[in-house]
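Using the hints provided, position chain B relative to the given structure of chain A.
Protein chains in written order, with the numbering used here: chain A, 137 to 462; chain B, 3 to 503.
It is worth saying that the hints were derived from the structure and are not from the lab. Yeah, the Cβ is synthetic: ideal placement off N, Cα and C, and Gly gets one too. Any given hint could be a false lead.
To be verified - Ranges of calculated distance between the beta carbons of each label pair, as one might list FRET restraints:
#1 B:D9 - A:L286: 55 to 65 Å
#2 B:D111 - A:I267: 33 to 43 Å
#3 B:G15 - A:W294: 35 to 45 Å
#4 A:D433 - B:S16: 49 to 59 Å
#5 A:G358 - B:L108: 31 to 41 Å
#6 A:D433 - B:T137: 14 to 24 Å
#7 A:A228 - B:T137: 40 to 50 Å
#8 B:H318 - A:W294: 44 to 54 Å
Each chain, written out:
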Amino acid sequence: MNVEFLIQTLASIVSSSAPVVLASIGETISEKSGVINLSLDGSIALSAMTGFAVAYTTDSATLGVLAAMAVGALIALLIAFASITLRLEQVAVGFVLTMLGLELADFLGNPFVRQPGPSIPHWPIPLLSDIPFIGPVLFNHNILIYISLLSIVATWWWMYKTQPGIKLQGVGERPESAFARGVNVNRMRYVYTTLGGALVGLAGATYSLSIKLGWSHRHTAGIGWIALAIVIFGGWNPLRVAAGSYFFGLLKALGSILQRNPAFASVPTQIFSSAPFALMIFTLLLLSSKGVDRLLDMLPPRLARRIDRAIRGRAPGGLGRPFEQG
Amino acid sequence: MKVELIDIHKHFGSVRANDGVSMTIESGSIHGLLGENGAGKTTLMKCLTGYQTIDSGTIKVNGQPVAFASPAEAIRHGIGMLHQEPLDFPQMRVLDNFLLGFDTRLIPDRRAGQNRLQELGTRFRFELDPDAEVTSLTIGERQQLEILRLLALGAQVIILDEPTTGISAPQKAKLFATLRQLADDERRSVVFVSHKLEEVEQLCDRVTVLRHGRVTGEAEMPCPVSTLVELMFGRSLPPLECPTVEHGPPVLQVEGATIPSYRLTVADTRLEVRSGEVVGIAGLEGSGQRLFLRACAGLERITAGRIAIDGKALSHAPYRKFLDAGIAYLPANRMDEGLVTGLTLTEHFALANRTGPFFIDWQAARKEAAERIQHYNVIGRPESPVEALSGGNQQRVLLALLRQKLRLLLMEHPTRGLDVESSNWVWQQLLARREDGTAIVFISADLDELLEYADRIVVFYGGRMLAPVAACDTTVEGLGYMIAGKEPGAGAQQGGAHDEA
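With the rest of the complex left out, here is chain A (with noise of 0.2 Å):
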């Protein structure tokens, strides 16, 4: 394998997993916050036709991104609305609002489909995408994939860092304790889940207009599903969520490498398009398992609780529970 070829495939791995990225990142954000937003599907196929409908018919990509972004905010909205005014369960409402936004995204964008439109222009980072190496891969693409570079640290950063990082932490993890010390619960889960919100609504604008340009049927393919999967896995922390996206989009990658060697040629293409959804799922399941324990036994106690903290997430304590506020 050539330098050139791996620098290809990891260029095209960072971005196209950019929606992936920023949809479990703006997942996590909210559900760190304590509220599901369960719509991620449907959120991310609304608002990548919304995001190419408004381009198509205004000719400007950074409208469309817009529009996706608020439609994204919208539904989140509805849910922090549900979940936190009415108190709704999370769950179901999530649901109900993912085959809402399918469907709706089926029905009015058909007269979108297929049809050639404006896309986020490519942009290399001047000086940047010169570093040898790094400089293609990561800063040769165009603004939304850098935004979703950013949007992973800028996430940790303000979650681990900042003050406010900290309070939202505590605000997900005991709502009693928080409110305990002067912290506005409920607002503070309304603003953040609207944040991820946009970012989950970015994810399809990301889509539509930089990875797959256009609209067809069932164009975002269920990527909002593995996004939660991902969020679950990843223990809510942005940096092991972003890893779990790319190691996501490796295995999409490889795939379609070994789609093209003529070794494979009788293998049906459905199994490379679907098995990295089947391996994912099956890696996950794999470092939550009791064999990961037993290995864990054997290494020295701080190193154990080390890797075991590296590699493993609890779930925010009051994550899907309404707070009643005084």
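The following block gives chain B in isolation, referenced to the frame of chain A:
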């Protein structure tokens, strides 16, 4: 700082939790708030600290009337509360717990926070690792963290709600020393909410007694216990009856059983419990006693040795077989393992009936529930959901759920969180079962309880099971030594009836 509560009224539905309560908290003293379960102590303190709004009445701080809309506002005025279950963040680090709500800048100064934590910790001789996760702390350490946090926020009045529940004896001693230090050296006010007479006696300068939401009396300490008991219950407690029961044939035989777990492996446990005998288990939390008890119940797998009930080997049998053999297991965590949130009392009794018909005869079930509710003095109705009951009443429901005929009763903290009267009542019910030949094994953190009710006591220390001692041959002090892993006193050693099994 002087705090006055004047004629406080607070009701929930038709229940009058506080019915015209007045009390004054002076600075530089420890003020006990005594009362049995459900007397309105916690409600009163929650009203003072802004968790609940009062219906009527006045709260004055240094003579100025105040009204706190939230706990954060109360702490800004220097009044902080340590809750029975500390209000912290289990999965976050100690330092982050400390900083949350304390440092309000965008980027908190962790170094300064850590220094502040360390400085306060040194002042009270608390050792808290700022990088440890709160889940890895004991309840006692979590309390210490909360106390330091409240002090860092400038609390002049610190309220502690039943702080000795679930903490070890050394931690309790440390807590009491800290509270004295706060009151005597730093002239802060401490309110100590408790239903435990001896603790109030030991610690407090002054006591207010609540009963059914009203103040029944105030007293300067020291004060005769009989007076306090009368204020708490309206009458003196009758001494507990101790029927003597001849111990029958062995019911439980544990021979060299090893119980592995992720954190701790308890090796080579040996115990024989005879019919009608009561065996108490002591030890610091997490010393292996719970694993052992659960293994006896068939809920933990053993890797060596054998467990037999009534001579029948059940070492690797499923829990069902243990139940068939006539055991019952009463877990400590009532709401997680004992009762089902959302089900009514009737549904609980129907569910406990293992061999009932496919269709439930609700009429009979309701009748049965009503009978047991009456027999066990549960304050609740057949159709009340179990989570609506108070802790003490939930414990009564658990007891009421036990089958009539039992060979072996295994319990964790059977009276934790109950007041004196309720626990006496509970023990009367339990001891009555000995007449039918039931053997009892129970874990308790309350050494007095162990000495009073157990025939023999087993101590667990760091995953090791020490040889049982006869309760009449040991003292609180002797047990304390064993629990702390030191050589037991001479008296306890002589009396230690070593198990032949």
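Task: Violated hints, by number in ascending order, as checked against the structure - done: 7
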